[in-house]
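Asker: Listed below, chain by chain, are the residues.
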Amino acid sequence: MNIFVFVKRVPDTESKIKIAHNEARIIEEGLNFVLNPYDEYAVEEALQIREAKGGTVTVVSVGSDAATTILKKCLAMGADEAVLIKDDNPESYDGLRTARIIVQFLKNKAGDYDLLLFGKQSVGADNAQIPAMVAELMDLPQGNVVTSLEIEGSKGSVLREIEGASEKISFPLPAVVSAQKGLNEPRYETLKGIMAAKKKEIPVISLEELGLDKEAIKPQISVLKMESPPERQAGRKIEGEPQDLAKQLVQFLHEEAKVI
Amino acid sequence: MDFNLSEEQIILQQSVRNFAEKEILPKREELDEKEEFSYEITQKMFDLGFFAIVIPEEYGGMGMDYLSYILVVEELARVDACQAATVAAGNSLGSAPVYYYGNEKQRKEFLPELVSGKLFGFGLTEPNAGSDAGGTQTTAVQKDGKWILNGSKIFITNASTEITLGSIIQAVTGEREDGKKEYTCFLVRQNTPGYKAVPMHKKMTWRSSNTSEIYLEDVEVTDDDMLGKRGEGFHQMLESLDNGRLAIAAMGVGGAQGAFEAALKYSQERKQFGRPIGKFQVIAFKLADMATEIEAARNLLYKACWLKDNGKSFGKEAAMAKLYSSEVMKRVTHEAVQIYGGYGLMEEYPVAKFYRDQRLLEIGEGTSEIQRLVIARKLGD
Chain R
1 MNIFVFVKRV
11 PDTESKIKIA
21 HNEARIIEEG
31 LNFVLNPYDE
41 YAVEEALQIR
51 EAKGGTVTVV
61 SVGSDAATTI
71 LKKCLAMGAD
81 EAVLIKDDNP
91 ESYDGLRTAR
101 IIVQFLKNKA
111 GDYDLLLFGK
121 QSVGADNAQI
131 PAMVAELMDL
141 PQGNVVTSLE
151 IEGSKGSVLR
161 EIEGASEKIS
171 FPLPAVVSAQ
181 KGLNEPRYET
191 LKGIMAAKKK
201 EIPVISLEEL
211 GLDKEAIKPQ
221 ISVLKMESPP
231 ERQAGRKIEG
241 EPQDLAKQLV
251 QFLHEEAKVI
Chain W
1001 MDFNLSEEQI
1011 ILQQSVRNFA
1021 EKEILPKREE
1031 LDEKEEFSYE
1041 ITQKMFDLGF
1051 FAIVIPEEYG
1061 GMGMDYLSYI
1071 LVVEELARVD
1081 ACQAATVAAG
1091 NSLGSAPVYY
1101 YGNEKQRKEF
1111 LPELVSGKLF
1121 GFGLTEPNAG
1131 SDAGGTQTTA
1141 VQKDGKWILN
1151 GSKIFITNAS
1161 TEITLGSIIQ
1171 AVTGEREDGK
1181 KEYTCFLVRQ
1191 NTPGYKAVPM
1201 HKKMTWRSSN
1211 TSEIYLEDVE
1221 VTDDDMLGKR
1231 GEGFHQMLES
1241 LDNGRLAIAA
1251 MGVGGAQGAF
1261 EAALKYSQER
1271 KQFGRPIGKF
1281 QVIAFKLADM
1291 ATEIEAARNL
1301 LYKACWLKDN
1311 GKSFGKEAAM
1321 AKLYSSEVMK
1331 RVTHEAVQIY
1341 GGYGLMEEYP
1351 VAKFYRDQRL
1361 LEIGEGTSEI
1371 QRLVIARKLG
1381 D
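Residue numbers (the working numbering), protein chains in the order written: chain R, 1 to 260; chain W, 1001 to 1381.
Since the hints were made in silico from the structure, they are not lab data.
Every value quoted in this text rests on a predicted model; they were computed, and no experiment measured them.
One or more of the hints may lead you astray.
In silico BS3-like pairs for lysine-lysine, Cα to Cα no more than 25 Å straight-line [what the hints assert, rightly or not]:
1) W:K1271 with R:K237
2) R:K181 with W:K1303
3) R:K225 with R:K53
4) W:K1044 with R:K198
5) R:K16 with W:K1312
6) W:K1108 with R:K192
7) R:K198 with W:K1303
The whole structure should be built from the sequences, with the hints applied where relevant.
Answerer: What follows is the structure, given as C-alpha cells:
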C-alpha cells in the first residue's frame, strides 16, 4: 500500500484567536501551531494500514517553511517520508486552488498510490473542501467524514457519518478518504521516533517545479473582513410560580425559539 | 542569544503534554488517594522513551540533550509530580550514574534494561545522614576478597517496586589520608541475600511515586559491583546531585505551571460580587505575579541546561534553579489555594495536590538551606 496523507498546520484549538486591527487576517504572533487534529487521525490510520499491510506512508503539506514542524511530527509518529510543497500563500481560503496544487503534485511527482488520506477539514478555515475537490479533479472514488476504514485487497470500505445514522460505502482503490474524529486514537510520538525524524530530510517542491504558473494559481477568493463572534449574551431569567414558569417556557420555545 | 526550542524539542513537548493529559490526568486523583505506584503508566513512559533520554544510542538510549530531558519532566510535573518523580529519579539517579561511572560490563548489564522497563535506586540518604552526607554510617568492609555491606538508607525513590533491579549504595570503605571518611558506591541487586528494600507509606507528598527504606545486613558484593573506583563515591554523589537538581527544578516549574493554569481558569469561572473573581485586581495581580515568577524560574532553569549542554560549568546555576523553582512553586501553589478559597482545601480540586507535592521540592536532593550553602560557596569562585 502506497499511502499519501495531506496535512496542514493550524492554530492550536486552545489558542485565543485575535484578528488584526482593520485587516482581514488573524494575528499569528504568539499563537501556538499544531498538526490539524483531523489530519492526525488520517496519519494514524495510514500508519495502522502500513503496519498491517506493508507499504509506505508519505505526508505532504502545502504551506510555508513553518509547516516543516508538523511534517517532522508526522515523521516522528512513524511516517516514512514527508514533502513540503512550498506556497507563499498558505492561507488563501481558496480550497479549489489548494486542491489544484495537490492534483498537480499527484500527477507529476507522487508516482503510484493506492490511498489518499485527508482530515475531513482543517480547524481554522473549516471549509472542508479539499478532499472532495481532489477526488473530483482526479476522478477518484471518495469516502468523506469517515469513522472507520477497512482495506480488503484492492477495495476499501468506510463508515460515514450522516445525519442521525451512519452509512457504509465501498469502492475500488485508489481512492480519497477523509478522517473524522473517532476513526482511531492517534499515537504519541516516541523519543525514538523524534530522533529518527530529526535525521530525515524533507524535500521542498516549489509551485513552479509542479508546473504551475504563479499568475494562473493566484487565489480567487479575497477575504474582505474578519470579525470576532459576538460576545454571548447573558441568559434570560424567568421568574414566578412553577405553573407560570412552565407556561412562559413553552411560550418561549414555541413562539421565539420555534422549536416546538 | 536564542530562546527558540528546536523542532524536535517542540514536538517532544507537545507529545509529553498530550500523553500526560490523556494517560495520567484521568488516574491522578485515584492513584494519589490510594498511594499507589502505577506499573501501567510507568511502562507506557518507558515505551515512549522517557527513561532513555540522555543515554547514548549504543546503550539503547536516545542521545538527546539535557534540555529535552528537562522538558519531559516539566510537562509531566505540570500534570502529576509523582509520575515526573519516577522519571526524574529513573534518569538522574538511576541510569545516569551507571552510564557516567560504570565500566563497560556494568553499562552493558544494566543500561538496556534501565532504558526499557526497569528502575534503579540511588542510596545516599540515611536516617542519621541527611543534609550532612558526611554522617553516612553504612559501611563496606573487605573480607575474603569480598565487600560486606551493613547499614540502612531512607527516602530512596524507585528502590522497592516490582520492576526495581537494585540500588546504588554509598558506603564508607575506610579513611582517607587527610583523615576524612572514604566513600565508595556499589551496585547492589535486589535479590542479594541480606538486602531488603521496603516501600514507605503514609506520605503527604508524591504519594503515587515509590519511596523506600533499604536495609543491608551482611550483604556481600565484589569488586565487580563497585561503581567507578574505590574512594570516588562522594564525588559521584555530588555530581549526580548537580544533575538531579535540574530535574527537581523542572518539577518546580512544571508544578507551578499546572497550579497556575488551574487557578487562572478558576478565577475566570468563579463569580463573587457579581463578576468573575479574576476581574478583581486583588486576584488579577496575584496571577500576574505567579506568571512572572514562573517565567523567571523557567528561564533560569533553561539557562542552567544550556550551560550543561554546552559543556560549561553549571553547578551554581543548577542549585539556583532548584532553589528558586521550588520556592516559586511554593508561592504559586499557596496563592492557587487562596484563589480557590474553601474549594482549594478539598482534594477533589487539583490545587490541593500541587500544594502538597510542592513541599518535597524544598527538601529532596538537598534542602533549600543546602542549596543556599552551595550557591554561597560558589560566589567566591
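Asker: For every hint, state whether the structure bears it out.
Answerer: Results for each hint:
Of the pairs offered as hints, the one joining K1271 of chain W and K237 of chain R holds, with about 17 Å between alpha carbons and a cut-off of 25 Å not exceeded. In summary, the hint linking K181 of chain R to K1303 of chain W is not supported, as the alpha carbons are separated by about 40 Å, beyond the 25 Å threshold. Distance check on the hinted pair: K225 of chain R and K53 of chain R sit about 48 Å apart at the alpha-carbon level, beyond 25 Å; violated. Distance check on the hinted pair: K1044 of chain W and K198 of chain R sit about 23 Å apart at the alpha-carbon level, within 25 Å; holds.
Between K16 of chain R and K1312 of chain W the CA atoms are separated by roughly 39 Å; this puts the pair beyond 25 Å, and the hint is violated. A distance of roughly 20 Å separates the Cα atoms of K1108 of chain W and K192 of chain R; the hinted pair therefore holds under the 25 Å criterion. Restraint check: the Cα-Cα separation between K198 of chain R and K1303 of chain W comes to about 23 Å, which is no more than 25 Å; the hinted pair holds.
In summary, the structure is inconsistent with hints 2, 3, 5 from the numbered list given earlier, while agreeing with the others.
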